[in-house]
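Novice: These are the residues of each chain, in order.
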Amino acid sequence: MAKAKIGIYWAAACGGCDCALLEVNEQILDVVAAADILLWPCAADPKYSDLRGYKNGEIDIVLFNGAIRTQENRELAQLIRTKTKYLVAFGSCAQSGGVIGLANQSSRDEIFSTVFGDQANWPQLSSNQDGYDLHLPEFLPRLTNLAEVVEVDYVVPGCPPPKQIVSALFTALVAGDLPATGTVFASSKNLCEECSREREQLKITQILRPHAHESDPDKCLLDQGFMCMGPATRGGCLAVCPAANMPCTGCAGPTANIRDQGAAMLNTVASLIGTGEEGEDQLAAEDAILAQFDDIVGTFYRFGAATSIFKERYHERNATTR
Amino acid sequence: MSSPRIGVFVCHCGLNIERTVDTQSVSETLRQYSGVAFVSDYDYMCSDPGQQLVSDAIREHRLTGVVIAACSPAMHEPTFRRAADDAGLNSYLVEMANIREHCSWVHLDRAEATAKAVKIIKTMVEKVRGNHPLDPVRIDHVDKCLVIGAGITGIQAALDVADAGFQVLLVEKEPSIGGHMAQLSETFPTLDCSQCILTPKMVEASRHPNIELLTYSEVLDVAGYVGNYTVKIRKNPTYVDPDKCNLCGDCEKVCPQSVPSEFERGLVDRKAIYIPFQQAVPSTYTLDEHSCLGLQPLRCSECAKVCAPGAINFDMQPEILQEEVAAIIVTTGYDMYPILNLGEYGGGDVPDVIDGLQFERMLSASGPTGGQVRRPSDGRVPKRVVFVQCAGSRDPENHNAYCSKICCMYTAKHALLYRHAVPESEAIIFYIDIRAGGKGYEEFVQNATEHEQIQYLRGKVAKIYREGDKVMLWGVDTLSGKKVEIEADLVVLALSMDPHPSTLALTKTLKISCGGEGFLKEAHPKLRPVETLTAGIYVAGAGQGPKDIPESVAQGSAAAAKTIALLTQDKLSHSPETVSIDEEICGGCGVCVGMCPYTALSLTAAGVAECNEVLCEGCGTCVSACPTGAAQLKNLTDFQLREMIEVALADG
Amino acid sequence: MDKTHATYEPRIVAFLCRWCSYAGADLAGVSRLTYPANIVPIRVNCSGRVDADMVLSALEKGADGVLIGGCHPGDCHYVTGNYKTRRRIVLIKQALSEVGIDPRRVHLEWISASEGIKFQSTMTSYTELIRELGPSPVRATKAPVHG
Ligand SMILES: Cc1cc2nc3c(=O)[nH]c(=O)nc-3n(C[C@H](O)[C@H](O)[C@H](O)COP(=O)(O)OP(=O)(O)OC[C@H]3O[C@@H](n4cnc5c(N)ncnc54)[C@H](O)[C@@H]3O)c2cc1C
Ligand code: SF4
Ligand code: SF4
Ligand code: SF4
Ligand code: FES
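Here the protein sequences come in this chain order: Y, L and F.
Residue numbers in the first sequence follow the numbering used here, run continuously in steps of one, and reach 373 at the last position.
Residue numbers in the second sequence follow the numbering used here, run continuously in steps of one, and reach 662 at the last position.
Residue numbers in the third sequence follow the numbering used here, run continuously in steps of one, and reach 234 at the last position.
In case anyone wonders, no lab produced these hints; they're calculated from the structure.
For each residue, glycine too, the CB sits at the ideal point set by N, CA and C.
One or more of the hints may lead you astray.
Stated by the list, open to error - Have a look at the derived ranges for each label pair, beta carbon to beta carbon:
#1 L/71 / F/119: 31 to 41 Å
#2 L/661 / Y/84: 54 to 64 Å
#3 Y/256 / L/269: 39 to 49 Å
#4 F/212 / L/153: 31 to 41 Å
#5 L/201 / F/208: 50 to 60 Å
Said to hold, decoys possible - From the derived model, a few chain F residues whose C-beta atoms are all more than 12 Å from chain Y:
#6 94
#7 96
#8 118
#9 120
#10 200
#11 201
#12 211
#13 218
Extracted from the complex, chain Y is given alone in its bound form:
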């Protein structure tokens, strides 16, 4: 059997996903034995021309990590799509925009002044330095996930994808036995299934933040008031965050029946919030709990904002009117 040809690409990413590939330890050797890595900017130094040189569909599979933030990200995503048979959205940013999707809440100018300070220091699309013409890719008005730009065949969720999920992908890859397209390499169930914490109260009487409050290591974090996204998040990571006293932040995205992970979690949390009793006389007390949130979008859409209605900032005049 001919060796499979694989590629690994990073777009708007932090690099964590590339490192996560190595988390599988010696399994990487099986991958290298079974496949030729044609593209891996993080490890080698391929040129655009190399990529353009491949025939359409010549690469078997590309693991694409990172979101689409710049015109270059977009062009490469489109180019890679033509060159590969299967395209994998690898990691939360490729899957749903990831944490950096929250940047869509700020305009390009706001982002630039935060990052580069004075407008004089902002990068120019075209400039000339030391006699060389430099061209920078355009910073897109809105960050997106991979699927909004090109068709995606598989999803490997996680920020970064945990070892056993990457390993599952590699196993399928090495065996030449990829599942049906559309497969998400994670559990079909929510994280709570893998979490060993004791759930009993199922009522949220207060909203706590992990940096400000200590949690009981045995009890369900949500029960205690920490906004654990576990219920609205696919398992597969073996609940390592709750096990380490960190509420799940939802990096693996929602289960198959859910369109909007943040909305699902908001539903759950709002359903559970209360004093233990329900009635008209409890409404004020409920409002007092609800008021303890100060960043709903950041809480429930930490990884999914870019693929939700919160994918951008709107500018209605009376946005704060109730």
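Dock chains L and F with the ligands against the given chain Y, drawing on the hints supplied.
Specialist: Chains L and F with the ligands only, in chain Y's frame:
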């Protein structure tokens, strides 16, 4: 799945729809809509020929779903579902698009109304596209019911159900049935003797071939659901064989142990072996092991020595019974608000401050004083009795916030009976308001005030204390605004009514709820007063809230009627539009479980949620709360709703 | 009113509880109480079924306003469904204002089966409000992919 063939039937409703909605254009538009295989419009779709048109089209065009664009589903959904069923199309594949009440009747502009009608119909086409054929849930049931608490309410309910030919298990905690009514002297507003009207019913209940009486018993556990509850009952040992006991009372005479009599409300003592009152049912003595000198090891056994028929058996063990019942009626009644909580009124401290039930016992011919009013302290006949209404009621700061409802009436009764019993006497009543709503009630109170020279003082008593052999009351007459100080021989507190102390624990066992005040909670205060949210469990009587005998009996009969309606059904039937759980997705987070007002949801041993479709009412509250989308309402899934939303908002 | 709003017809979807607001709408119909035709009703069994996904989907699909009609507190046919939705709506509104969407685009109203007049006045005033607010900004989402 083969492609859908949906039929759309647009009704003109004479001119009711046609006037503002262009049914022709609506039909034309729908004909072009994906999945729609047949469109027809007609003057009156609900008429016989209209229904025929639908049936014929279902057969001829092999329709897989039907949308009737006409009036509100509240009007004719059953009509068209039946028609479809007759034509061989599952009735749950038929939906109404409400283009009359929600469109033609409320809009004036024909173009706008027509456009909106199209959208409404398209949403229903989308719903039907996602609908699945369903069959009503059918459940077998047993033919027995359980009544918990045998006061007058429970007795009435048991008799009604038994008379209808069904088996009843009547469980009472105390050694005798009868509840509080057995303690009353005469009853307002007609002043008939309480025992005289109650005892025949007690006897009837004990002899009824369809009633099994379990006294001195309690319900330990309840599992299952409507039609098929499994209950565990513990029958506590009475150590006396009721069949052998001939009521000679010899045991009682030799028993060395005395404790305050519950039935006489502590006015006198009873022995450790006792019969609560002479007319008790079952008619037998009971050995109360808690006040006995000791059974294990036997410390005394004087009673057994004198019992000629040998009825006493110290080895009697508790019995645990398991029974299957279809329905449960909870009639656990009330208790008096603890008099000790009323320290300001000398409660528990001043012997001549008593509660209303103690006064009832005094007034009873069979009571400890033989019907004479006497002061507990010295046995003297009091010449001035002050009655204090609302003692512990309507006082949100210190006591119960609610009104106990019956105290106005029984206090008037008490004063009146006292005036009859002691001619040269004075009866004074402190009251906040007189609430005498009820047939003959106002007249009763009026009569008491006018003819019996009972003095009503509007105001609140601040303090009651003992001075010498008198009882002093300080208060304010709120009509004159003056302070009043009264010297009384006896004070009777119309104590607030509390739910029976076992109520909370029992509701936990039954998984029904208590209201804020601790009384049994009904499903709907107006429309479902004797039902609970759990199908097949009913509540009635003073356990559901303070009430008098007529109301209690009415509720007992109402709960019986509900139970009979259930028991007479061959099989119980239930809408299949319930929740389904996708086990592939459900991670067992349990969020849904606590959402369901009907306890339809639970987690299985395998760690996934399970919906008992018999209990699910299809509200969808759990669906909204489920974070994975594993819980879905049949025929109104997230997916269907999204499609409906999309077409509701789409262009033209 | 903004000029661009002059020709704009608000699109509103209303999720109505079958026991109260849907029946209230029926009563408005029977009483021939007229109101604007901008609102398309969708019947649910209880306002407790209305979740954030439905509301946000509607906004994403181009709704200028989303109305939820439920039973008055204490009157929910299923006892407490309406309280849960009320809490959801509070959070949804807060999330919308966080991203600069006027939270009045989502509105919860208790309308009983006997309040035909309240149904009419709610539909009328809500349509007017949404007309004033103009088209939802979500309708004009930035296109990230130009080519
Ligand atoms: C001082 C006074 C005077 C009154 N006078 C009148 C009057 O003149 N006219 C009138 O109409 N009404 C009168 N009433 C009201 C009357 O007493 C009640 O309306 C009536 O007794 C209510 O009947 P019930 O069966 O609902 O409750 P109850 O009489 O309280 O009976 C409840 C029964 O359930 C049993 N039970 C409780 N918990 C359990 C359990 N967990 N398991 C098994 N069994 C249990 C109890 O032991 C009791 O036998 C008076 C009340 C008071 C306090
Ligand atoms: S909510 Fe979080 S902490 Fe609680 S069980 Fe689920 S994953 Fe574990
Ligand atoms: S809420 Fe959903 S995921 Fe959680 S247990 Fe219930 S059905 Fe399963
Ligand atoms: S739909 Fe309502 S009744 Fe049915 S299981 Fe869910 S919460 Fe319970
Ligand atoms: S039934 Fe109307 S809001 Fe719950």
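Novice: Next step is simple, just say for each hint if it's right about the structure.
Specialist: Evaluated hints:
1. A hinted range of 31 to 41 Å for the beta carbons of residue 71 of chain L and residue 119 of chain F is consistent with their spacing of about 36 Å.
2. Checking the proposed 54 to 64 Å range against residue 661 of chain L and residue 84 of chain Y shows it holds: the Cβ atoms sit about 56 Å from each other.
3. Checked against the hint of 39 to 49 Å, the C-beta distance between residue 256 of chain Y and residue 269 of chain L comes to roughly 45 Å, which is consistent with it.
4. At roughly 56 Å, the beta-carbon separation of residue 212 of chain F and residue 153 of chain L lies outside the given 31 to 41 Å, and the hint is violated.
5. A hinted range of 50 to 60 Å holds for the C-beta pair residue 201 of chain L and residue 208 of chain F, which are about 54 Å apart.
6. Residue placement check: residue 94 of chain F keeps its beta carbon more than 12 Å from all beta carbons of chain Y (closest about 20 Å).
7. Even its closest Cβ contact with chain Y, about 19 Å, leaves residue 96 of chain F beyond 12 Å, as expected for a residue assigned away from the interface.
8. Distance check on residue 118 of chain F: its Cβ is at least 28 Å (rounded) from any Cβ of chain Y, clearing the 12 Å threshold; non-interface status holds.
9. At the 12 Å boundary, the C-beta of residue 120 of chain F stays outside the reach of chain Y, the nearest C-beta of that chain being 27 Å off.
10. Under the 12 Å C-beta cut-off, the non-interface status given to residue 200 of chain F relative to chain Y holds; the minimum distance is some 19 Å.
11. Distance check on residue 201 of chain F: its Cβ is at least 19 Å (rounded) from any Cβ of chain Y, clearing the 12 Å threshold; non-interface status holds.
12. Under the 12 Å C-beta cut-off, the non-interface status given to residue 211 of chain F relative to chain Y holds; the minimum distance is some 20 Å.
13. Even its closest Cβ contact with chain Y, about 14 Å, leaves residue 218 of chain F beyond 12 Å, as expected for a residue assigned away from the interface.
Checked against the numbered hints listed earlier, the structure breaks hint 4 alone; every other hint is satisfied.
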